[in-house]
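Residue numbers (our numbering), protein chains in the order written: chain D, 1 to 101; chain B, 1001 to 1502; chain G, 2001 to 2517; chain Y, 3001 to 3641; chain L, 4001 to 4191.
Incorrect hints may have been included.
Taking lysine-lysine pairs in the DSBU-like style, the calculated list, with each CA pair at most 30 Å apart, reads [stated by the list, open to error]:
id, chain 1, residue 1, chain 2, residue 2
1, B, Lys-1449, D, Lys-86
2, L, Lys-4089, B, Lys-1042
3, Y, Lys-3160, G, Lys-2429
4, G, Lys-2106, G, Lys-2025
5, B, Lys-1163, L, Lys-4089
6, B, Lys-1037, D, Lys-86
7, G, Lys-2428, Y, Lys-3591
8, B, Lys-1163, L, Lys-4165
9, L, Lys-4165, B, Lys-1449
10, L, Lys-4164, B, Lys-1469
11, G, Lys-2429, Y, Lys-3591
12, B, Lys-1042, L, Lys-4187
13, Y, Lys-3111, G, Lys-2439
14, B, Lys-1449, G, Lys-2429
15, D, Lys-100, Y, Lys-3160
16, L, Lys-4089, B, Lys-1037
17, B, Lys-1163, Y, Lys-3516
Partial chain D-side listing against chain Y, Cβ under 8 Å, derived [as the list claims (entries may be wrong)]:
id, residue
18, Ile-82
19, Met-96
20, Thr-98
21, Lys-100
22, Gly-101
Simulated from the structure, these hints should not be mistaken for laboratory data.
Glycine included, every Cβ here is placed at the ideal spot set by N, Cα and C.
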Amino acid sequence: MEIGLNHYLVLSTILFAIGLVGVMRRKNLLLLFFATEILLNSVNIAFAAISHYYGDLTGQMFAFFVIAIAASEVAVGLGLLIVWHKRHGKIDLDQMSTMKG
Amino acid sequence: MLEPVNVSMESLNLMTLAPMLIPIIGALLIIVIDIIKGGLDKTLYVGLSLLFLLMDFGSLLEASGVFAQSGTVMGVFDVMLIDGLAILSQFIIVGASMLFIPLALTHNRFHEFSYPEFFALFLFMISGFQFMVATDNLILIFVGLETASLALYTLIAMHNRDKSFEAAVKYFTMGALAAGFYSFGSMVFYALTGSVEINQMATVLAANNYADIGYVLVGVVFMLASFGFKLSLVPFHTWAPDVYEGASAAMAGFMSIVPKIAAFIVVMRLFEFLIHSGVVWLEIILYIFVIVTMTAANIWALVQTDVKRMLAYSSVSHAGFVMAAILIGTTQANSALFLYWALFTFTNLGSFSMLWISRQKHLPAHQASDHSYDKFAGMIQTAPIAAVIMALFMLSLAGIPPFALFWGKLYMISSAVTGGYTVLALIMALNSAIAGYYYLKLIIYMFMKEPVVGNDGHVYVANSTLALKSIIGFAAVGTIFALVAVNPLLEFITSFVYNSGY
Amino acid sequence: MLDHILSILIFFPALAAMFGFMIQKDSIRAYGVAVATIEFVLSLWLWFAFDSNVSGMQFMEQLPLIPAFGINYILGVDGISLFIIILSAFFTMIGIASLTDTKNVKNMIVTLLFLQMTMVGVFAALDAIVFYIFWELSLVPMLYIIGAWGGPLRVYASVKFFLYTFAGSLVMLVGMLFMAYFYYQATGMWSFAILDWYRLILPETFQLWLFAAFFIGFAIKVPMFPFHTWLPYAHGQAPTIGSVILAAILLKMGTYAFIRFSLPMFPDASVFFMFPIAIIAIIMIIYTAMVAYAQEDVKQVVAYSSVSHMGVIIIGTFALNVEGISGSIFLMIAHGVVSGALFLLVGVIYDRRHTKMMSEFGGLAHVMPRYATIFGLMLMASVGMPLTINFVGEFLSLLGFYQQSHILTLLAGIAIVVGAIYMLAAYKKMFFGEVTNEKNSNLPDVNKRELLALIPLSIITIWLGVYPKPVLEPINNSVESIVQLMHDKSITQEAKSRIPNLVKGVEISRTTAGEAH
Amino acid sequence: MEIYLYLALFSPLAGSLFAALFGASPRTKIAGIVPSFLLFVSFVSSTVLLTHILSGGDIVQVEMMTWMATGDLYIPFGFVVDQVSVTMMMVVTVVSTVVHIYSIGYMDHDKGFNRFFSYLSAFVFSMMVLVMSDNFAGLFIGWEGVGLCSWLLIGFWYHKESATWAANEAFIMNRIADLGMLIGIFLVYWNTGTLQYAEAFAAMGDLDTEILTWMGIFLFIGAMGKSAQFPLHTWLADAMEGPTPVSALIHAATMVTAGVYLVVRANPLYDLIPHVGLFIASLGAFVALFAASMALVNRDMKRIIAYSTLSQLGYMFVAAGLGAYWVALFHLMAHAFFKALLFLGAGNVMHAMHDELDPFKMGGLKKAMKWTFIMMTLASVALAGIYPFAGFFSKDLILEVAMIEHHYIIYSVLLFTAGLTAFYSFRLVALIFHGEERYKLFGVHPHEAYKFMLIAMSPLLILAIIAGSFKMTYFEMVTAVLPATEYHVHSAVTYWIMTIGTQVFVILAIAFAYKKYANSSVQVPDGTSVMENRFCYKVLSNQYYIPYFFEEYLVKPYRELSTVFWKQVDLKVVDATVDGIAKAIYGTGEKTRGMQSGNLSTMLKWMVAGTVALLSLAVVFGLAVRYSGEIKTILSGLGVQ
Amino acid sequence: MFEAIAFYLFAFLTISMFYITVTTSQALYALTALAAGMIFISAFFFILGADFLGAIQIVVYSGAVMALYAFGMMFFDTTRDVKEKSGNKYIVSGLSILAAILVVVIFAAPMVSTNITANYPIVEGIGNTQEVGMVLFTKYLIPFEVAAVMLLVAMIAGIVLAGKKMDLSLTLMSGEEIQHAMEEQNKKVLV
């Protein structure tokens, strides 16, 4: 059977949903960041697929930039976590609720 | 083999890059200076930043002259798009930044301003926002957005206390999720149209006669979610109050203005054509968003006990109010958006600056948070001028004429009326009334309560320096005499918006 | 100078207020009195220079404000607004002059001067947005006055006052924007000038909606039943000067706006809503009078009495004929004078006893005969005794409405009965009988400063009651032009017949009255 | 002549203002003498005007200035001295001059002496405005003015609860009637276009009877209040709380007759609507009997006289209602004299008895107060209508009018009432002046009033005796403006039978009164006698329970309803709704602020939830678009368009 | 056929890897599964002919990002079991599944792909890297440079946040304390 664009899109969606599960479920910030990587990666598959099926390079470009963005996010995110960890010795987001209401 | 590409310099229109490059150069310069000689005073960096922002502003004036003469300019392989929207929004971005930067010159020392990197990051962020508004390419929008956002997260965290880290982490995490949504949304649009340029997307969709409405809607949903986050539309607003509270007041004021106008521009570019092509669903959804955001944020603002949080919710509400312009989508509405935001800049920056100037290092026992309402009790007796100015900002935010924001509200509601959104106009008006309550609450505390024992009024100007005072004075003058500026502003904005085809 | 007298009248007090910040605390009262007196003299000059034979606007000023959106700074007075302007100048003057020693006198006087700016502005504005600016702005000083110098519930009262009015006026603002939009559609030009709007003839359905939008704003300000509940709180909590100005001037903004906006702009809607509004007005008259009768606090009695009297003003306004509208305008002035005086009088006793509960008093006529006399005079004016100022207005208002409906006028006329009931009951409780409360037995009678305010008011009360012509004549001329405008503009047959045509003479109105019977 | 008009009109005002100058200062005689003198001036001016009119002079009409002018409405301060008003002016000035002088003595010891004269003169001024005005609005000014002065004077002793209560009652009841009057005035204006008497009456001829009827009714409602006609009569008896000279002047001679004056003045109107006139007459007859019946058993000297006043007003309305306006006016005049005299006499008695009002506690005063006794007896004789006193000429005339107009029921009622009148008048006289000196039980030492007070009363005495002789002069004068119907019983026999019959009936009644009350067996009733426990007695002495009814079914419900309106409706419904909206909004905020839990996980969930919600909406919409055709079919199948 | 097998295989693998990543309570497993998932994704890229992207994916993700995360993990000492108070699982799974189903419902439908023109067509016979380079340095030059700025920003941000200077908070110190700290610092420099 022929694998069409829709297959890739569906796969991408499923992966995206898994990412969402992680984002919502994880309380450990580091593991939560993993989930955000999944979100971005799932979209990259779709971009590559569309690019392939349309014969257009733009999708690959987009995926390329998404990877760059993901990487820089990691840098900043980890920086933030380090600062927080230095202060509190934990990176559990449940303890991070001094502001509310 | 690929053929070599010949590109003439003229066709690149490199001038379109000038406004964004100036802050980048400035940032690099600051870093270089810091490398050569560390430990220089922050005044130097403030001065430099201001200088580069001024140059940026100048180049924008230049660009606006060009636009006025020859209309929209595309540049650098048609990635850059300098139209009226881009210029107007950059004016607001750079202008607000210029108002923000001097706020670094506080009397007390705060952590972030001891870094030259702070100013570098700040300038990078400005250029990021500028890129974001000056293009219709989703990729560049994304990259610009992330550049600005990453810098912004850092700037917030650099305030260096628990609340600011918490704020930065929350903002960052939700931002990451929003980035995911953005890329997913872009992917859908790309899948639909084979392009990531908004005008081409519009063309293709129109040619298809919106056959794949389901796909379009999914794309719109994810875009809405991502920009809903940026614009703090309910229910994507949850970061806003926490981040505003955690960030320094000055930064909070900045955040309530600049990132949002950038996001508004993108939203305007993206959704305007959809609305005009009769995507009814989007219209309904935006309608709901506008009303829910305005109303819910107002209601939550009512019950706040901290002024800064109240202002955070109020900013959310204002964003919802302005979102109505996107929904209405007429030239008048889009002009109203800019007018509103320009006036909002003055007022909101002014009120956050008032909080900033009264920021204490250590809280006395009776004060629950940095800017709890109690802190301002009886301010009229101990610091009358400050109280009057603060009241002025509050009245302006509440939309009491003839102060700045009234004109924005007036024009915005009028655009709703003109656009045929009668009920919306009424809801907007009534929401202003609800909002009146919480602005009033501060005025009541300031004017009608007795001061806490031992409060000699010094606390309200704890951070006061000439720079801060002049910024506040500037904002106050702008707020009071907005009346005079509205007409030229309106004519300018309208012509730019109209000539951009919005 | 005379060309810009209205601007001067508006901005002189504001400017003076700014300078007021610099004045020493000891001399601020003198400063305030001086400024207010100059303002009053200027307003008298305005009256002097006013040509009462001209029915249209005089002393017009025009300055572009936001021409791109049709907003201009347009001022002007006619017979309708002239006297309210004078009255507001007058009340600010005597208000400051008779101000008792409170904390923060300086803030109070500065606030009052700002308030004066907004009051004059509202009545002089001929551009809807300028009108709206002053209309809203007037809330702010009043908010401060109630909230800072008021009674124990002052914050609640002031916020309620502010938000209620604010909410109403925002609806009105939407109405204004619609009006401007319709004007734009009709002419291709944005304009918020009232005189431009007068020329616009709208279809009836539009009129109805717009009328409703404006109505909400005005009705809350007036305040009309059932939007009146902010008023007793505001009055009950406000300091004397606040109540005086609130009752004398601020409430009049609503009724004035009805005449300035609703009637000439929406004649058909006015006719359409005439009876419902009249019924509301009658409820105001009777119901609030009864509520006033049940009060225990004398200030609340006066406060509710204001609502009741505003009902008569509304009735007069919606008589839609010259007699009724003139009467209602006159009654605005009359009620301003009388209720202002009554609030001052309540303030007198409050200063001495720091209570307003009527049960605390009794037999005051023994102790304070002069006070009792002036109170009695104002009481009689309030119940509409002929030869006092109120009677003229009430008589004309009711007379006017009689042309429209007999039975409703009869019901509205109950005002003169129920008014007497609560007023006399209150007077009896306070002044008659033996002095039962020890604390009352040695109260000093009204002093000179209080007389300074009360004597002029008493004189006006009698003078305009006996000889209302100098005021009534200019009012009449302007009202005639408005009524004629309404007649000409109206489109429905009903409206044409209800609104008299003055050009053809009196014959038509008589036959209509005959038919209506 | 105009100068006399102004003098007559404004002298009382000057007097009032003069006395008011001394309002706050201690009692000075001058505050009484000057107003009295000024009133005398007014009297003289009125006399001059009277002679002018009598000598066939023109009607004096002036327009002093504009009062109100707007639209088509034009109301001047206009005054007219014609035959009718000059009669009223004479009555007013005579009686008030007498009362003023009398009051100098009567109020001698009162703290509020100066104030009293100020009020009293102000009253006279208002009354003059009322009678002299040439338009309805001016009439209304006077109308309200006398009401105000009446309020001030009834409540003159404001420390007395009963006095202030009575004052308020009088004012409010009058106001109710004034509303009717006001409506009447509106009717006149909107139908005739003017309020000037002359023009308005001239225009009335062309109007519908229905409109005229309404006009007549509403104006008469006004008259009913002032003249205390049933059911608005209760205030008059209560008004006796005021000082006695006030009762004499206001509540006997002048103000209460204003209603009659109004009907007389509006005779062109009432002529056009005889059915309303008949109603007025019937009501008058009823009130005459009704009031007289209450006077029979009352134990308050002043109230008895007040009821008698009420009864006589009934007579006047009968005359006026039957179209015999000049008769009504004549009786009004005669009544003013003898009734004022009666009141002033009562005042003397009160003074002597230290404000005791119960005649049963007096008795045998004729020795101590010879002159007063004579005056009161003569006044009572006049009131009873014995020939040749004033009452005979005026009252019997009314009986004749009723007879001639064939209203026999009215006639019989009036005749019977005449007997009652005689009875209660002499019951009073007998109880006060004859019989045992019961006052001694109470340790009172009565004394005669000041000489000058008695002298001041004498003009009234004289007039009460001789007023009847003016009848023809008067008739000739007033018929210039009033319908000149002469009332002669055609058959002389009938006439004589009637006249003598009436006289005999009245004398019998007097005799009965004397027999019953002038003997020494009269005791101070203590509520145990058989008569006092009879139903009729109770009904009468409780004034038919009408005040009770008013109190229970009008005043109390009004008070309670007011409280309900305030506490239940205004605070708990209207205000609570407003506050409720505010509270609901605020409460929503309080309840939902938990959404912002501060937990990042929750925030992320909200974001995802928002997105999912949008997605579901999108899918629903997308499906709806895709299957729009099918949906439409289904909906049309269900009958939904 | 090969394509289909590969697709389903890698789809299964990525899904299971990512599933492990988001559900496991062992941080190390999560990290490993993530890295594996990333690599499997690159397989898709290769299948789809985006060789350059595949390479980048492996280099950047597995190389750089994973290394960073690994360092982070060591720093945060999360190698032990991660104890997480899980909230309402129904909400989490419900929302995600709903999201997935909703999108899948729409994505399952074929798309109308008319009117689509490839702006930067993939030319047969030229290496993917070349093509990418060509587009990247013409059309996407500006985004590329901005991405560079972004990385610079991220770098500065990382340095600043993780730097030692953050240990002392000037924000929380009073004026005297700051003065004192500065003097201390100067001494150190002098010594």
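Hint numbers not upheld by this structure, sorted from lowest to highest:
Violated hints (numbers, rising): 1, 2, 7, 9, 10, 11, 14, 15, 16, 17 and 18; every other hint is consistent with the structure.
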